[in-house]
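K.L.:
Mapping of the sequence shown onto UniProt numbering: residues 1 to 341, in sequence order.
Keep in mind that the hints were calculated from the coordinates and are not lab data. Beta carbons: idealized from backbone N, C-alpha and C, even for Gly. Keep in mind that the hints are not guaranteed to be accurate.
DSSO-like mimics (lysine-lysine), calculated; alpha carbons at most 30 Å apart, straight line [as the list claims (entries may be wrong)]:
id : residue 1 : residue 2
1  : K115      : K101
2  : K134      : K101
3  : K134      : K103
4  : K103      : K115
5  : K115      : K207
6  : K187      : K291
7  : K240      : K207
8  : K273      : K207
9  : K187      : K240
10 : K291      : K240
11 : K240      : K273
12 : K187      : K207
13 : K134      : K115
14 : K187      : K273
What follows is a list of derived Cβ distance ranges for each label pair [to be verified]:
id : residue 1 : residue 2 : range
15 : P113      : A249      : 45 to 53 Å
16 : P255      : A217      : 33 to 41 Å
17 : V114      : A249      : 17 to 25 Å
18 : Y34       : S170      : 18 to 26 Å
19 : T283      : D180      : 13 to 21 Å
20 : K103      : A217      : 30 to 38 Å
21 : N234      : I293      : 21 to 29 Å
22 : V114      : G85       : 36 to 44 Å
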Amino acid sequence: MKDHRIPDEYEEQLRRNSIKLNESNEQQIIIHLYIQINDANDNPPRFFMSTNMIQYDSFNRSQQQLLNRPFIIYIREGDTNGFEGLPIASDADSELNGIVKYKLIEYTNNGDPVKEPRLNITMTYDHIHSINPKLILLRSLDYEHIDDREIYATFYAIDGGDSSLTGSLSIIIRLLDMNDNPPIIMKQFTKPEQYITLPENTTLDNKPFYIVNATDADSGENSRLIYSFSPLANSLIPMKFHIDSINGAIRIREPLDYEVYSQRQFLLPIIVKDSGSPPLSCTTSISIQIKDINDNIPTLMIQENMTIPEGQLFTKPIIRFYIKDEDEVSHGKVSYSDHSD
């Protein structure tokens with residue numbers, strides 16, 4: 001009769017190892033010995049992960065090499081919930097000596113435990129009461145804080161033996177930058193109403209007269225900036241000026257004429273946009289005052305003239321004229337002289 005107190009695997013093993021008390025072929029007595037093996041806590045917890053959970057460089061690595069690799073977790077910047085699943089350790093010992101708890105210790109780059117951890121773990125249990133550890137964030141992480149970009153921690157599994165054994169796994173948390181910072185334009189004027197003065201009738205040899213300087217605290221494509229004039233800009237602006245979309249350098253596209261009233265002053269509305277998805281932008285305006293130069297010759301304008309008969313003495317003015325100069329810089333500064341014999 002089967003003894004249900006003996007596990008099946010033990011009973012089957014004992015049947016194969018029966019003891020013969022009589023070596024005679026005529027008679028033998030077989031005694032079944034039931035041996036109960038008490039588990040000793042001689043196996044530490046171990047983390048086993050599939051290769052798709054570990055980043056590695058070669059496909060020809062041994063299992064031990066894979067186990068020595070850190071477990072890498074990617075978290076998006078600004079994520080507040082965390083709850084990333086962590087690997088589950090296994091223990092070859094019995095349930096009594098099996099894994100009873102997990103813990104996480106965060107370390108600095110120098111290997112010292114951090115004073116104010118950013119990470120912790122929480123435990124959930126499935127329908128068979130198996131422990132499932134998950135990573136949680138104690139605070140949101142900011143990519144612009146250098147220390148938050150890569151966090152080092154060790155994940156421990158501890159068994160329930162009298163002299164508990166521990167298994168460990170190195171974890172690296174890498175923060176993914178989100179486009180959460182708009183560009184910032186560095187002000188170059190001490191007063192917002194200050195103008196840039198440019199001379200008329202020049203292109204400054206195609207050299208930039210102003211460079212918009214902007215920065216973005218994000219990284220990668222999120223920090224790649226694009227400079228442009230606003231679509232709301234006066235139609236003359238893209239005709240007369242050019243802004244480099246990459247470095248923000250502004251040049252004169254074609255000479256300006258102070259004598260054309262609409263070209264004496266310009267307001268350049270500028271947009272700086274990053275390359276994130278969705279993109280973020282900022283705006284600024286640059287005031288430009290065109291400086292008059294002496295580029296127009298005076299013009300003699302006849303107002304009135306008279307015909308005088310020969311030999312007649314005439315004391316009144318016989319001609320009236322004025323001199324016109326389009327340049328403001330010449331107003332009141334025009335002189336003339338009589339070169340007649």
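K.L.:
Could you say whether the range 30 to 38 Å given as a hint is met by the Cβ separation of K103 and A217?
P.N.:
Given a distance of about 35 Å, which is inside 30 to 38 Å, the answer is holds.
K.L.:
For a C-alpha distance cap of 30 Å, please report whether K187 and K207 respect it.
P.N.:
holds, 21 Å
K.L.:
Is the distance from the Cβ of Y34 to the Cβ of S170 consistent with 18 to 26 Å?
P.N.:
Taking Cβ atoms as reference, Y34 and S170 lie about 45 Å apart, which means the hint is violated.
K.L.:
When you check the alpha-carbon spacing of K134 and K103, does it fall within 30 Å?
P.N.:
holds, 11 Å
K.L.:
Hint check: K134 vs K115, CA-CA at most 30 Å. Holds or violated?
P.N.:
holds, 21 Å
K.L.:
Verify the proposed pairing of K187 with K240, using a straight-line Cα cut of 30 Å.
P.N.:
holds, 24 Å
K.L.:
K240 and K273 were given as a pair; does the straight-line alpha-carbon distance stay at or below 30 Å?
P.N.:
The hint holds at about 22 Å.
K.L.:
When you check the alpha-carbon spacing of K273 and K207, does it fall within 30 Å?
P.N.:
holds, 24 Å
K.L.:
Could you see if the CB distance from N234 to I293 stays within 21 to 29 Å?
P.N.:
For I293 against N234, whose Cβ atoms are near 23 Å apart, the range 21 to 29 Å holds.
K.L.:
Lying within 33 to 41 Å: is that true of the beta-carbon distance P255 to A217?
P.N.:
holds, 40 Å
K.L.:
Could you grab the alpha-carbon distance between K291 and K240 and see if it respects the 30 Å cut-off?
P.N.:
holds, 15 Å
K.L.:
Within 17 to 25 Å or not, the Cβ separation of V114 and A249?
P.N.:
violated, 45 Å
The structure is inconsistent with the numbered hints 5, 17, 18, 22, although it conforms to all the rest.
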